[in-house]
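Peer 1: The whole structure should be built from the sequences, with the hints applied where relevant.
Just so you know, the protein sequences line up as chains A and B, in that order.
At position 104 of the first sequence (counting the first as 1) the number is 144 in my numbering, and the numbers step up by one without a gap.
At position 95 of the second sequence (counting the first as 1) the number is 326 in my numbering, and the numbers step up by one without a gap.
Since the hints were derived computationally from the structure, they do not count as laboratory data.
The model shown is predicted, which means the values in this text are computed figures rather than measured ones.
Note that CB positions come from ideal geometry on N, CA and C, so glycine has one too.
A hint or two may mislead.
Said to hold, decoys possible - Straight line, CA to CA, 25 angstroms or less: simulated SDA-like cross-link-like pairs of lysine to any residue: (1) B/Lys-319 - A/Lys-204; (2) B/Lys-319 - A/Asn-181; (3) B/Lys-319 - A/Val-142; (4) B/Lys-319 - A/Gly-151; (5) B/Lys-319 - A/Arg-141; (6) B/Lys-319 - A/Glu-109; (7) B/Lys-319 - A/Ala-184; (8) A/Lys-204 - B/Leu-293; (9) B/Lys-330 - A/Asp-188; (10) B/Lys-254 - A/Glu-146; (11) B/Lys-330 - A/Arg-141; (12) B/Lys-254 - A/Gly-225; (13) B/Lys-319 - A/Asp-138; (14) B/Lys-330 - A/Phe-186; (15) B/Lys-330 - A/Asn-181; (16) B/Lys-294 - A/Gly-163; (17) B/Lys-294 - A/Asp-138; (18) B/Lys-319 - A/Phe-183; (19) B/Lys-271 - A/Phe-186; (20) B/Lys-271 - A/Thr-187.
Said to hold, decoys possible - From chain A, some residues computed to sit far from chain B (all C-beta separations above 10 angstroms): (21) Asp-114; (22) Ala-131; (23) Asp-402; (24) Glu-573; (25) Arg-591.
So the chains spell out like this:
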Amino acid sequence: MADLHPPSTLAKAPTGIAGFDDIASGGLPAGRPTLVCGAAGCGKTLFAVTFLVNGATLFNENGVFVSFEERAEDIATNVASLGYDMAGLVAEGKIAIDHVRVEPSEIEESGAYDLEGLFIRLGFAVDSIGAKRVVLDTIENLFAGFTDMAVLRSEVRRLFGWIKDRGLTAVITGERGDGQLTRQGLEEYVSDCVVLLDNRVDHQITTRRLRVVKYRGSAHGTNEYPFLIDDKGISVLPVTSADLDYGVPEGVVSSGIAGLDAMLGMGGFYRGSSILVSGEAGTGKTSITSSLIDAACGRGERCLAFVFEESGAQICRNARSIGIDLDRHVRAGLLRFEAARPSVFGLEMHLARMHRDIESFDPAVVVVDPLSALHGPTSELQATLMRMIDLLKGRGITAVFTSLRSERGGEPADDLGVSSLMDAWIKLLHVEANGERSRTLYVIKARGMGHSQQVREFLMSATGISLVEAYIGPAGVMTGTARLVQEAQEKAVRIRRQLDEDRRARAAARSRLTIERQIAELRAGLEAIDDEESRFSEEDATREALLDDERRELRARRNGAE
Amino acid sequence: MSDDILPADEPAADPDSDSGRYKLRLYVAGQTAKSLTAMKNLERFCEQHLAGRYEIEVIDLLKNPQLAAGDQILAIPTLVRRLPSPLKRIIGDLSNTEKVLVGLDIRPKDVTP
Chain A
41 MADLHPPSTL AKAPTGIAGF DDIASGGLPA GRPTLVCGAA GCGKTLFAVT
91 FLVNGATLFN ENGVFVSFEE RAEDIATNVA SLGYDMAGLV AEGKIAIDHV
141 RVEPSEIEES GAYDLEGLFI RLGFAVDSIG AKRVVLDTIE NLFAGFTDMA
191 VLRSEVRRLF GWIKDRGLTA VITGERGDGQ LTRQGLEEYV SDCVVLLDNR
241 VDHQITTRRL RVVKYRGSAH GTNEYPFLID DKGISVLPVT SADLDYGVPE
291 GVVSSGIAGL DAMLGMGGFY RGSSILVSGE AGTGKTSITS SLIDAACGRG
341 ERCLAFVFEE SGAQICRNAR SIGIDLDRHV RAGLLRFEAA RPSVFGLEMH
391 LARMHRDIES FDPAVVVVDP LSALHGPTSE LQATLMRMID LLKGRGITAV
441 FTSLRSERGG EPADDLGVSS LMDAWIKLLH VEANGERSRT LYVIKARGMG
491 HSQQVREFLM SATGISLVEA YIGPAGVMTG TARLVQEAQE KAVRIRRQLD
541 EDRRARAAAR SRLTIERQIA ELRAGLEAID DEESRFSEED ATREALLDDE
591 RRELRARRNG AE
Chain B
232 MSDDILPADE PAADPDSDSG RYKLRLYVAG QTAKSLTAMK NLERFCEQHL
282 AGRYEIEVID LLKNPQLAAG DQILAIPTLV RRLPSPLKRI IGDLSNTEKV
332 LVGLDIRPKD VTP
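Peer 2: Here is the structure:
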């Protein structure tokens, strides 16, 4: 915002209010009065007190608080809830509080007068602590106490002149009036800087807004900016710049799910990209983000999760059921949950709150779960989300948004019209078939990298999330039990074929064995024949020999008998 | 403690002991025309209506600015009736006699029954 400063710049007194000094190019005009106006309950007094307290504690400028409404003790009590120790600062001599009580019933007017007493009191308070800052809250109450308007107006004008002469940076609060900024037309007198606070109720949700109506001699943001009052004080959300000039961080971060990383060409998401995880109820959006958070914290990165439907503790507990321990990251200070019901604030306030939390926590990864919980008119919603994404991208923060797809299949509402702003979009889908549902996951887009076009079945178990390739075959894509059945059928066919082969092999072996046995038998028969044959021939030979012997004997005997 | 133009002792006397007495304090800022007129007018009233039973203390806030907050002084000049209670304030140069009389709850002696 430095380029907004004109060359010969007006001296500025920073308010220390986060965001406001950006809008006002450095702060309120130093040494001049600023009018802060708005209806009752807008935070005028708070703005003024913050200006003083920050002046005393941060910028070494003491301040005087002149209250025309509340007593000093009441003011100190009221702002104690914001962590401001007014009593302490008063005791240290850094802040002086003067309660100017205007009680019309006690005052009778008789003749000419002026308000020199107020000047003396203010001057005395300023001198006693060497104040540089002054708050008049709400000077319009003076108008109730005095009847001579001509005197009053000229005195008020003189007072503002006096403030300028003394070089005091003043915040003058004024109640919003009909048709003009303040009831008494104070804006006529304070011409240097006018800040308008507004508290609008839309759809039963209040949004505080702030606008710099005029700022003489200085450039300033002209829009209405939402601002926030809570236990951390006031913070104003400057609407982020519309230009897309942010640097692109390099590198890839893992999703913590191996299967998902594998689907992405670069093995993960680009650092600093915006990731949308959309799906119907119960498709595992939060589980995927839990896994992403775990992976980020595992790398030692800080992670801030804005959760709108569950408490942080509940998410931690649920993540445990899929084997992810987020508690240790919370304990280590790496992970912070900011849980709020979406209906507590308007969109702008959510954005302002996120802005502030992101500033203070400085995370590398931001999770918004779910984005769809933020309700509002479509145009406003889209503008808010766009700014949210801008805000994150401008800081190089990896953002993970979940979005609930409506069961009725309202396809356009599916991505809240932000899908074009997202760098990566993971869509989770229920597939219903054969009386069961199974979770599937697609990568719809992933800018700047190739990615798988296939559907994966998405399984959650006590050991974590895993992706299984879905069955893709002639029968179509099958998941869940159908996939299992299909796989089983294929397996059965395979086994049957195997069995057939085995049987054939066995039959062949058997017949070979038979034949071999037959061969062996025949061979044995042959041997037997051979055997017999040789025995016969032996016997023959023996018999021949015997016969020869007998014949010889016979012959011999015959020869002897003769 | 103050620039006494008229004798004004500050006794810590309790108000009821002397119920008829008026304790008045006039706040001014320097010797301006309005201040001088106020002083003159006040003196005149008191002599006329409260002779012998009044005390006037004049405080110049230019000299004692720290006293302004105590009596919730905004306008100059301011006359504060400290006694009898309740506390009353009259602002201006006291040129409107009726208003001063009403403001101070002074009833002219001849009207009092």
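Peer 1: Next, verify each hint and record whether it holds.
Peer 2: Right, here's what the structure says about each hint:
1. The straight-line distance between the Cα atoms of B/Lys-319 and A/Lys-204 is roughly 34 angstroms, outside the 25 angstroms bound, and the hint therefore fails.
2. Under the criterion of a C-alpha separation no larger than 25 angstroms, the hint pairing B/Lys-319 with A/Asn-181 is consistent with the structure, at around 20 angstroms.
3. For a cut-off of 25 angstroms, the pair hint linking B/Lys-319 to A/Val-142 stands: about 13 angstroms separates their Cα positions.
4. Taking the CA atoms of B/Lys-319 and A/Gly-151, the gap is near 16 angstroms; set against the 25 angstroms cutoff, the hint holds.
5. A hinted pair counts as satisfied when its Cα atoms are at most 25 angstroms apart, and B/Lys-319 with A/Arg-141 qualifies at roughly 14 angstroms.
6. Proposed proximity of B/Lys-319 and A/Glu-109 is supported: the alpha carbons are some 20 angstroms apart, at most 25 angstroms.
7. With a C-alpha separation of about 17 angstroms, the suggested pair B/Lys-319 and A/Ala-184 falls inside the 25 angstroms cut-off, and the hint holds.
8. With a C-alpha separation of about 21 angstroms, the suggested pair A/Lys-204 and B/Leu-293 falls inside the 25 angstroms cut-off, and the hint holds.
9. Proposed proximity of B/Lys-330 and A/Asp-188 is supported: the alpha carbons are some 15 angstroms apart, at most 25 angstroms.
10. For a cut-off of 25 angstroms, the pair hint linking B/Lys-254 to A/Glu-146 stands: about 17 angstroms separates their Cα positions.
11. Under the criterion of a C-alpha separation no larger than 25 angstroms, the hint pairing B/Lys-330 with A/Arg-141 is consistent with the structure, at around 22 angstroms.
12. Among the hinted pairs, B/Lys-254 with A/Gly-225 is inconsistent with the structure: their alpha-carbon atoms are about 40 angstroms apart, more than 25 angstroms.
13. The straight-line distance between the Cα atoms of B/Lys-319 and A/Asp-138 is roughly 21 angstroms, inside the 25 angstroms bound, and the hint therefore holds.
14. Distance restraint check for B/Lys-330 and A/Phe-186: the Cα-Cα separation of roughly 15 angstroms lies within the 25 angstroms cut-off, and the hinted pair is therefore satisfied.
15. About 23 angstroms separates the Cα atoms of B/Lys-330 and A/Asn-181, which keeps this hinted pair within 25 angstroms; it holds.
16. Between the alpha carbons of B/Lys-294 and A/Gly-163 the distance comes to roughly 12 angstroms, so the proposed pair stays at or under 25 angstroms and holds.
17. About 19 angstroms separates the Cα atoms of B/Lys-294 and A/Asp-138, which keeps this hinted pair within 25 angstroms; it holds.
18. Between B/Lys-319 and A/Phe-183, the direct Cα distance comes to roughly 19 angstroms. Compliance with the 25 angstroms bound is thereby established for this hinted pair.
19. Distance hint between B/Lys-271 and A/Phe-186 is fulfilled; the C-alpha atoms sit about 23 angstroms from each other, no more than 25 angstroms.
20. With a C-alpha separation of about 24 angstroms, the suggested pairing of B/Lys-271 with A/Thr-187 holds against the 25 angstroms cut-off.
21. For A/Asp-114, the requirement that its beta carbon stay farther than 10 angstroms from each beta carbon of chain B is met, with the minimum near 16 angstroms.
22. Distance check for A/Ala-131 against chain B: the nearest CB is about 18 angstroms away, which clears 10 angstroms, and the non-interface claim stands.
23. Once the 10 angstroms rule is applied to beta carbons, A/Asp-402 is consistent with being away from chain B; the minimum gap is 46 angstroms.
24. Even its closest Cβ contact with chain B, about 153 angstroms, leaves A/Glu-573 beyond 10 angstroms, as expected for a residue assigned away from the interface.
25. With a closest Cβ-Cβ approach of about 177 angstroms to chain B, A/Arg-591 is found to remain outside the 10 angstroms limit, as its non-interface label requires.
Of the numbered hints stated above, those contradicted by the structure are hints 1 and 12, listed in ascending order.
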